Amino acid sequence: MTHVPPSAPATRRTFLDWLLSRTVTTWILGTSFGGLVAAVLYPVGRYLVPPKSGESAASSVTLPFGPDDVAPDTGKIFKFGNRPGIILRTPTGELRAFSATCTHLGCIVQLRPDLGELWCACHNGHFDLNGINIAGPPPRPLEAFTVNVRGDQIVVSKGA
Amino acid sequence: MAPLRSKLEAVWVWLDDRLGLAPIGELAKKKDVPVHRHTLWYYLGGMTLFLFMVQVATGILLLIYYRPSAEEAYESVQFLMAEVQFGWLIRSIHHWAANLMIVALFLHMFSVLLLKAYAKPREMTWLSGFGLFALALAFGFTGYLLPWNELSYFATRVGTQIIAVVPVVGEFMLRVARGGDDVTGATLTRFYGVHVAILPALTTGVLGLHLYLVQRHGMSTPRSVEQSGTPRRSMPFFPNFLLRDLVGWLTALAVLAALAAFMPAHLGVKADPFAPAPIGIKPEWYFMFMFQSLKFLPAHILSLEGEVVGILAFGLAGVFLALVPFADRRTARGESSPLFTLIGIGIIAFIIVLTILGYTANPTA
Numbered sequence: 001m002t003h004v005p006p007s008a009p010a011t012r013r014t015f016l017d018w019l020l021s022r023t024v025t026t027w028i029l030g031t032s033f034g035g036l037v038a039a040v041l042y043p044v045g046r047y048l049v050p051p052k053s054g055e056s057a058a059s060s061v062t063l064p065f066g067p068d069d070v071a072p073d074t075g076k077i078f079k080f081g082n083r084p085g086i087i088l089r090t091p092t093g094e095l096r097a098f099s100a101t102c103t104h105l106g107c108i109v110q111l112r113p114d115l116g117e118l119w120c121a122c123h124n125g126h127f128d129l130n131g132i133n134i135a136g137p138p139p140r141p142l143e144a145f146t147v148n149v150r151g152d153q154i155v156v157s158k159g160a
Numbered sequence: 001m002a003p004l005r006s007k008l009e010a011v012w013v014w015l016d017d018r019l020g021l022a023p024i025g026e027l028a029k030k031k032d033v034p035v036h037r038h039t040l041w042y043y044l045g046g047m048t049l050f051l052f053m054v055q056v057a058t059g060i061l062l063l064i065y066y067r068p069s070a071e072e073a074y075e076s077v078q079f080l081m082a083e084v085q086f087g088w089l090i091r092s093i094h095h096w097a098a099n100l101m102i103v104a105l106f107l108h109m110f111s112v113l114l115l116k117a118y119a120k121p122r123e124m125t126w127l128s129g130f131g132l133f134a135l136a137l138a139f140g141f142t143g144y145l146l147p148w149n150e151l152s153y154f155a156t157r158v159g160t161q162i163i164a165v166v167p168v169v170g171e172f173m174l175r176v177a178r179g180g181d182d183v184t185g186a187t188l189t190r191f192y193g194v195h196v197a198i199l200p201a202l203t204t205g206v207l208g209l210h211l212y213l214v215q216r217h218g219m220s221t222p223r224s225v226e227q228s229g230t231p232r233r234s235m236p237f238f239p240n241f242l243l244r245d246l247v248g249w250l251t252a253l254a255v256l257a258a259l260a261a262f263m264p265a266h267l268g269v270k271a272d273p274f275a276p277a278p279i280g281i282k283p284e285w286y287f288m289f290m291f292q293s294l295k296f297l298p299a300h301i302l303s304l305e306g307e308v309v310g311i312l313a314f315g316l317a318g319v320f321l322a323l324v325p326f327a328d329r330r331t332a333r334g335e336s337s338p339l340f341t342l343i344g345i346g347i348i349a350f351i352i353v354l355t356i357l358g359y360t361a362n363p364t365a
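Protein chains in written order, with the numbering used here: chain Y, 1 to 160; chain P, 1 to 365.
Read the hints as simulated data drawn from the structure, not as lab findings.
Please note: incorrect hints may appear among the correct ones.
As the list claims (entries may be wrong) - In silico DSBU-like links for lysine-lysine, alpha-carbon gap of 35 Å or less:
1) P:Lys7 <-> P:Lys120
2) Y:Lys52 <-> Y:Lys158
3) Y:Lys158 <-> P:Lys282
4) P:Lys29 <-> Y:Lys52
5) P:Lys7 <-> P:Lys30
6) P:Lys120 <-> P:Lys29
7) Y:Lys76 <-> P:Lys282
8) P:Lys270 <-> P:Lys282
9) P:Lys7 <-> P:Lys31
10) Y:Lys79 <-> P:Lys7
11) Y:Lys158 <-> P:Lys270
12) Y:Lys79 <-> P:Lys270
13) P:Lys7 <-> P:Lys29
14) Y:Lys52 <-> Y:Lys76
15) Y:Lys158 <-> Y:Lys76
16) Y:Lys76 <-> P:Lys270
17) P:Lys120 <-> P:Lys30
18) P:Lys270 <-> Y:Lys52
19) Y:Lys79 <-> Y:Lys52
20) Y:Lys158 <-> Y:Lys79
As the structure is a computational prediction, the values presented were derived from the model and not from experiment.
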């Protein structure tokens, strides 16, 4: 194969012509180049997707503190698997537990004794002590957990 | 002097023969900068470039002590600030130059928008500039997390959660962005890689294109100046304009040093993934207008969740801004385009008002 020097300066038109005038052979070469690119990009793409972490299968958790450690009108954050939960004692003395992840954009809520509400500092979202969204941007109630006190242990579980 | 001069000339000729330097010199020489009442705005792009170079230099220095893991990141920055000689200075300059760079970038972009310098043949210059704007915001977002403190941790939780709003692929993209379901040490290493390698590589390419296009097309003269009938004046880019640029850069360096010395960067409290979000949590100021807008949206708009509407609206606004050169047909035809002036002023007013509200509104009310 010999290289023929271009007789005229390459214009946009001739370059376009050159691009469009390829033969079937070139098309096959081109697609195998595409295949090569795909063979590189596919593993890289999969590499960037994090492996599934063992989603905590636990449906209940025993808290590392006892019922006496949760005073009326206070809340404590606990680990429910790898997610945060919040347990609180209402002014009437009842223990309740919810997911502490705000349903708006995923910040962690806290109990505001001055308001008697659960409150998210990120976007000023308010929930009542039943976890119902009552003001601000949160679109859904907090997920409620079941609380069982067994002696001096608190067991929090998902679902009824 | 004469022998030295001839020696230098010989070196130049030697290099020019091998590297072909003359065309580069020609490219720099051929550009003239128009002189008129809006000339001041021409300096903002160069200012952004200078501050970016400061970021590259200080960023490389920070790499020497920083450790990208949830266990060590905060402590390594603490060590840098407290023990390493001038560590506080390097980090504070990185912090302040980042902020000033965003300021310069905003001013540069909006001056180009209002002076309509995006019109033909500079559509690609605008698009590449918009790409650099997006890259700068990505730099800010990823860099904010690296000290692994409480504020940055929750800002990243909120900021990444926004990705989940994207229909269909949102949840998947959220996992890819976070390196898992939550913001953890895996997120930190991911953001670190993006901040110190991927974004700099992309920026180098896009910035190269942007600068080449600016040099190729020269500075745009605003329509009002062209039509005013006053005689055209200009100065050579090299060396006249560049020397004026340098004066601005030296001033910026002095301002940076003063800010770093009198208001060094804070570190705050170490992030705890199992603590409530702190009162007064806020993102970097340049995300504040979006953050504040989300606070004002009700939980539901029609049948959609409020933040979905808000975030999609910001996304569409971003796409519109990127495509302004193609949407503004009147400027493309060389006519005056008051509608787009109004849109530009509207965007600026919105950003300013919401940013002020973000800092003055009672966070607990």
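So, against the hints stated earlier in the document, which numbers end up violated here? Going through the list in order, the structure violates hints 1, 4 and 10 and respects the others.
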